[in-house]
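The whole structure should be built from the sequences, with the hints applied where relevant.
6 protein chains.
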Amino acid sequence: MPQRVLVIAPHPDDETLGCGGTILRKAREGAQIAWLIVTGMNVGSGYSSDDMKVRESEISKVRALYGFSEVFRLKFGTRKLDTLPLAEIIGEFANVFKTFAPDQVFLPYRMDVHTDHRAVFDAGAACAKWFRYGSVRQVLAYETLSETEFSLDPRSVFQPNYFVDISEFLDRKLEIMTAYQSEMGEFPFPRSIEAIRALATFRGSTSGFRAAEAFQLLRERY
Amino acid sequence: MPQRVLVIAPHPDDETLGCGGTILRKAREGAQIAWLIVTGMNVGSGYSSDDMKVRESEISKVRALYGFSEVFRLKFGTRKLDTLPLAEIIGEFANVFKTFAPDQVFLPYRMDVHTDHRAVFDAGAACAKWFRYGSVRQVLAYETLSETEFSLDPRSVFQPNYFVDISEFLDRKLEIMTAYQSEMGEFPFPRSIEAIRALATFRGSTSGFRAAEAFQLLRERY
Amino acid sequence: MPQRVLVIAPHPDDETLGCGGTILRKAREGAQIAWLIVTGMNVGSGYSSDDMKVRESEISKVRALYGFSEVFRLKFGTRKLDTLPLAEIIGEFANVFKTFAPDQVFLPYRMDVHTDHRAVFDAGAACAKWFRYGSVRQVLAYETLSETEFSLDPRSVFQPNYFVDISEFLDRKLEIMTAYQSEMGEFPFPRSIEAIRALATFRGSTSGFRAAEAFQLLRERY
Amino acid sequence: MPQRVLVIAPHPDDETLGCGGTILRKAREGAQIAWLIVTGMNVGSGYSSDDMKVRESEISKVRALYGFSEVFRLKFGTRKLDTLPLAEIIGEFANVFKTFAPDQVFLPYRMDVHTDHRAVFDAGAACAKWFRYGSVRQVLAYETLSETEFSLDPRSVFQPNYFVDISEFLDRKLEIMTAYQSEMGEFPFPRSIEAIRALATFRGSTSGFRAAEAFQLLRERY
Amino acid sequence: MPQRVLVIAPHPDDETLGCGGTILRKAREGAQIAWLIVTGMNVGSGYSSDDMKVRESEISKVRALYGFSEVFRLKFGTRKLDTLPLAEIIGEFANVFKTFAPDQVFLPYRMDVHTDHRAVFDAGAACAKWFRYGSVRQVLAYETLSETEFSLDPRSVFQPNYFVDISEFLDRKLEIMTAYQSEMGEFPFPRSIEAIRALATFRGSTSGFRAAEAFQLLRERY
Amino acid sequence: MPQRVLVIAPHPDDETLGCGGTILRKAREGAQIAWLIVTGMNVGSGYSSDDMKVRESEISKVRALYGFSEVFRLKFGTRKLDTLPLAEIIGEFANVFKTFAPDQVFLPYRMDVHTDHRAVFDAGAACAKWFRYGSVRQVLAYETLSETEFSLDPRSVFQPNYFVDISEFLDRKLEIMTAYQSEMGEFPFPRSIEAIRALATFRGSTSGFRAAEAFQLLRERY
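Residue numbers (the numbering used here), protein chains in the order written: chain A, 2 to 223; chain B, 2 to 223; chain C, 2 to 223; chain D, 2 to 223; chain E, 2 to 223; chain F, 2 to 223.
Where hints are given, some of them may not hold.
If chains are identical, the list can't say which one is meant, so a pair holds when it fits in one copy or spans any two.
[As the list claims (entries may be wrong)] The list that follows gives simulated cross-link-like pairs (lysine-lysine, DSBU-like), each with its CA atoms no further than 35 angstroms apart:
| hint | residue 1 | residue 2 |
| --- | --- | --- |
| 1 | 130 | 54 |
| 2 | 130 | 62 |
| 3 | 81 | 130 |
| 4 | 54 | 76 |
| 5 | 76 | 99 |
| 6 | 81 | 62 |
| 7 | 76 | 62 |
| 8 | 130 | 99 |
| 9 | 130 | 76 |
| 10 | 99 | 54 |
| 11 | 99 | 81 |
Note that these hints are calculated values from the structure, not bench results.
Below, the structure written as structure tokens:
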């Protein structure tokens with residue numbers, strides 16, 4: 002039976018920054034992969050309809066590039082997750098977990114600066130209890146350049162303990178990342194080709210691969 | 002190719018307390034499993050020749066019960082590892098890593114009360130660098146009843162993130178544990194049938210199995 | 002003067018899971034014990050009037066079984082504490098602290114998965130300042146099976162440093178727990194007789210008792 | 002070019018408790034120093050117009066005593082920051098960072114008991130990203146007597162690593178603190194002359210000065 | 002039955018710096034208190050016979066001032082504990098634990114800069130297992146001015162959670178401290194009257210007493 | 002007065018891996034910089050006289066390339082520091098601190114895998130007490146590729162909080178690194194041009210520079 006992978010992205014591009022190479026590799030290995038996008042632009046949050054059109058086209062493009070089996074979109078307001086009862090987010094996640102029955106789940110890191118990332122982590126953690134959604138076997142936190150390394154909270158440094166070889170997939174990850182034109186910037190901006198490549202190279206040298214993505218294993222049931 | 006598992010035990014019985022069920026399960030799954038016993042009794046450490054005979058017979062019995070592919074014995078003095086240069090222990094471990102080429106390695110927990118456990122962890126960690134012994138893919142720390150839960154060092158609590166279903170193997174683990182007669186005691190002594198069963202039951206309820214062993218994943222390369 | 006103990010439960014059953022045995026022992030030792038139930042079911046949260054009747058009857062039964070001196074009920078909406086200003090919860094707690102003047106206080110653990118538990122901890126901590134409510138001499142965090150051990154937040158593992166012998170009270174604790182029929186499940190579900198017994202047995206073996214409850218001492222003034 | 006220092010105070014008096022001596026010293030050294038007061042009293046929060054008059058006069062007095070270059074006042078409701086979307090607080094901070102272009106920023110500690118302190122830390126951290134406000138070179142957390150040392154959250158103890166000699170400024174710091182009459186109390190109350198002096202003396206003995214303020218360096222770019 | 006308290010001091014004066022006031026209070030409350038001095042001066046460590054005479058007279062004086070029931074002296078070489086097998090230190094401690102059968106034990110803090118303090122902590126922790134010395138009910142770590150606050154090890158800050166009111170005993174503690182003339186210095190030196198008083202005052206303001214000593218509870222069995 | 006910088010390297014090349022760019026920048030800024038090499042090759046440790054000649058020539062070359070004011074060499078046996086009493090290492094460091102009177106000190110990270118790094122950290126920390134060597138104003142830990150990122154000790158991840166812009170010095174740092182021919186390897190080996198450049202690029206993107214070295218500030222007195 003093919004592995005079922007659920008990648009939870011607070012905003013589109015987090016999935017690529019955090020686990021783009023891993024998604025590509027899992028796809029090559031035959032996994033069914035779903036993309037859960039938690040927030041969405043809307044007029045109430047001050048986005049123009051042009052912004053929103055661009056974003057839709059980015060999502061379509063990226064979806065195709067990865068070949069996701071499914072895309073779930075919750076469209077909660079961007080940068081507003083901390084104003085919602087967590088129970089509401091959990092409720093929406095619950096439907097996704099029930100429908101898709103993932104065995105591997107990717108979450109953003111609990112200590113990221115962005116409040117949306119924190120809420121997504123907490124909601125994901127609540128769904129990871131085995132007696133809620135017994136399909137889940139492994140939960141991993143990914144690192145998001147421009148968020149994870151900017152935490153000022155003492156004791157919050159990302160502690161990678163799980164490294165995925167993405168040597169064959171780094172170029173394509175970078176290609177996909179350029180689909181998010183509005184999110185990219187010039188180096189030393191963290192969401193730039195140079196910075197993404199440097200991180201993958203550094204993580205690779207730590208794990209013996211030409212390029213790697215690093216994760217923190219949160220829980221695995223074997 | 003069968004998985005190659007190396008279980009590093011500071012003293013005989015640590016392998017059973019920490020990962021007896023997992024060893025049995027891996028064996029059933031076809032893995033090659035080696036037992037590295039780091040210390041040994043000797044007259045200089047105040048053991049009688051009777052003690053030593055009993056211990057030899059325990060080791061033979063346990064070896065047979067698990068069906069280990071190989072047993073490596075370093076025979077460093079018990080409770081004396083902290084007096085040796087770590088480089089010497091690393092040197093001996095290195096031979097084992099070279100010879101056996103493990104992909105999965107089990108270590109005691111760094112914060113155990115016993116100084117032998119700490120030295121073994123440190124030596125194991127030094128050998129886990131990919132550019133030293135590239136065969137290693139996964140390193141896990143196990144918990145040792147009567148050591149791990151007795152640490153008083155603030156910030157040292159064992160943080161399990163990897164749970165192995167040993168429902169089918171708990172009874173046999175308990176059986177094997179009784180081979181170490183001199184190490185067992187009456188409940189509430191931690192090395193007793195009741196305590197071992199209780200821990201496996203508790204770890205099971207955390208992971209959705211009737212019985213489980215819990216580990217802390219230290220590093221995985223995928 | 003009898004000891005005055007305040008057990009703060011986000012939801013009914015947390016007091017029993019976390020400190021049922023300790024409550025029974027304290028009662029035997031002559032303490033005055035109050036139960037502060039922070040949340041309540043209500044129609045707005047989607048509970049039927051049948052749910053609510055069952056819950057009321059459970060609370061009455063449990064109250065009688067423990068012989069609480071007082072029961073305080075705040076009836077904040079279940080799973081909604083994170084949507085309230087913490088100051089509002091603190092305000093309600095303040096009345097209880099003023100009225101009951103506890104010297105020993107039991108709180109849920111700060112890192113529990115459940116957002117209600119976190120809010121209750123934070124409100125309790127705010128009331129524990131000596132210059133607010135000078136009666137408080139000791140504050141302890143308890144562990145709640147099905148919440149505490151499911152945290153995925155790195156660095157959040159419960160660190161017990163205070164163990165209470167409940168050998169004589171475990172059976173009765175289990176009996177009381179069965180009053181919460183709707184909350185119990187079949188092992189390996191964490192809220193089951195087997196899991197509760199296993200945890201008490203494991204905590205006992207760590208502290209030299211046939212059964213124990215484990216706590217983290219947060220602050221004591223002697 | 003003179004150094005530009007931004008002191009962010011959730012409530013008036015936090016700046017003095019946390020970094021009064023340092024402000025005085027920086028002023029003597031020629032720095033431009035701005036005071037950002039995040040909350041304000043208002044009728045809706047239950048303050049009387051007399052309370053508010055007193056507070057205004059305190060602020061004027063303290064402003065003059067320090068000789069702040071600028072005072073920014075956001076007037077969010079006291080003890081209500083946890084009910085606002087963090088994005089809203091960040092938005093207001095952003096204006097201040099843009100206008101004042103600080104190179105050194107002082108924040109309250111993330112783990113303080115007071116929810117207002119936590120929100121202020123999080124909003125400040127979000128503004129400290131170099132690609133947002135490139136002027137920022139150093140971010141430090143200060144300790145607030147009556148908040149920082151009362152945290153019950155395990156693992157939250159303030160870890161000072163940066164000590165400022167305020168030997169010449171302690172007396173004046175204490176003088177300024179008395180301007181906040183309603184906030185001061187009798188020792189052993191933490192906001193008292195004796196307690197403030199004791200902390201400065203203790204921090205001094207740790208760093209080789211007759212009096213010191215202690216900080217935790219969160220990030221510096223050199 | 003009177004409480005039996007064991008204060009373990011790596012070097013004479015640690016007991017006073019860390020728990021002088023608490024010893025005096027326990028004595029007043031009728032406890033039997035023993036002083037375990039782990040190291041001793043000797044010629045081999047470069048001490049002159051004059052140094053040693055002074056030290057002997059200090060120990061006699063302090064012993065009388067506290068009225069210790071017993072004084073155990075192991076006379077391991079000062080600043081040499083890290084060169085001994087920990088098992089040897091544990092062996093000597095074991096005799097003391099067996100003989101004196103303490104129920105309350107005071108240890109230096111694990112993260113102190115001084116290697117002797119670390120070894121003493123580790124040896125004490127090994128003896129605190131209930132199945133070794135069942136008399137032990139409570140183990141507390143004390144803070145030693147000039148060691149504890151000088152740790153540079155990230156994550157090592159002392160986390161006090163247990164505060165003892167020594168208001169009536171601070172003056173006498175200071176008096177006793179002056180018996181160690183060679184160890185005292187001029188403020189801001191940490192082992193000075195001003196610094197010791199400031200710390201007691203600060204810890205007092207945190208716990209509601211005019212003066213307090215702060216401890217970290219490591220383990221209690223109730 | 003020029004700044005006085007002391008870079009403590011357990012082995013030659015640690016100073017370059019950890020702070021090569023920073024040394025070059027400090028030199029350009031006019032600082033006096035000393036290099037303290039703690040260990041040395043010797044025949045007893047199994048090095049050939051050829052090894053030793055190569056090493057001597059590397060040290061000469063590197064010394065000239067940085068233009069160090071002074072080089073202190075202690076020549077303790079490589080990989081043997083854990084067998085020495087720490088007091089002996091501290092004694093040797095003390096001479097250097099007295100002679101050179103540094104105000105800024107660079108240490109390896111406490112949690113590096115290599116036991117030599119740990120001993121050097123501990124000895125350096127002991128010398129950093131202000132009442133020992135009052136010249137010291139700032140102590141920073143550097144990261145050593147091939148050691149720091151390989152720690153398996155849970156809770157030991159390097160937490161950079163101090164970033165130095167080395168954009169103008171990266172190329173020269175890489176050049177100097179190639180002087181250590183025997184220590185370099187082919188990427189993904191961590192001590193390779195690609196890995197060093199990637200880390201500097203990643204640290205740069207975190208701090209807004211084209212290249213940076215990252216440190217953890219341990220203590221600063223201002």
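Here's how the hints hold up against the structure:
1. 130 to 54: Cα proximity of residue 130 and residue 54: across copies only (28 angstroms, versus 37 angstroms in one copy).
2. 130 to 62: Classified as both: same-chain Cα gap 33 angstroms, cross-chain 30 angstroms, threshold 35 angstroms.
3. 81 to 130: both (25 angstroms within a copy, 20 angstroms between copies)
4. 54 to 76: within (14 angstroms within a copy, 37 angstroms between copies)
5. 76 to 99: both (19 angstroms within a copy, 31 angstroms between copies)
6. 81 to 62: within (26 angstroms within a copy, 38 angstroms between copies)
7. 76 to 62: within (18 angstroms within a copy, 45 angstroms between copies)
8. 130 to 99: within (13 angstroms within a copy, 38 angstroms between copies)
9. 130 to 76: For residue 130 and residue 76, both the intra-copy (24 angstroms) and inter-copy (26 angstroms) Cα distances are at most 35 angstroms.
10. 99 to 54: both (30 angstroms within a copy, 30 angstroms between copies)
11. 99 to 81: Close inside one copy (25 angstroms) and across copies (23 angstroms); limit 35 angstroms.
Violated hints: none; the structure is consistent with every hint.
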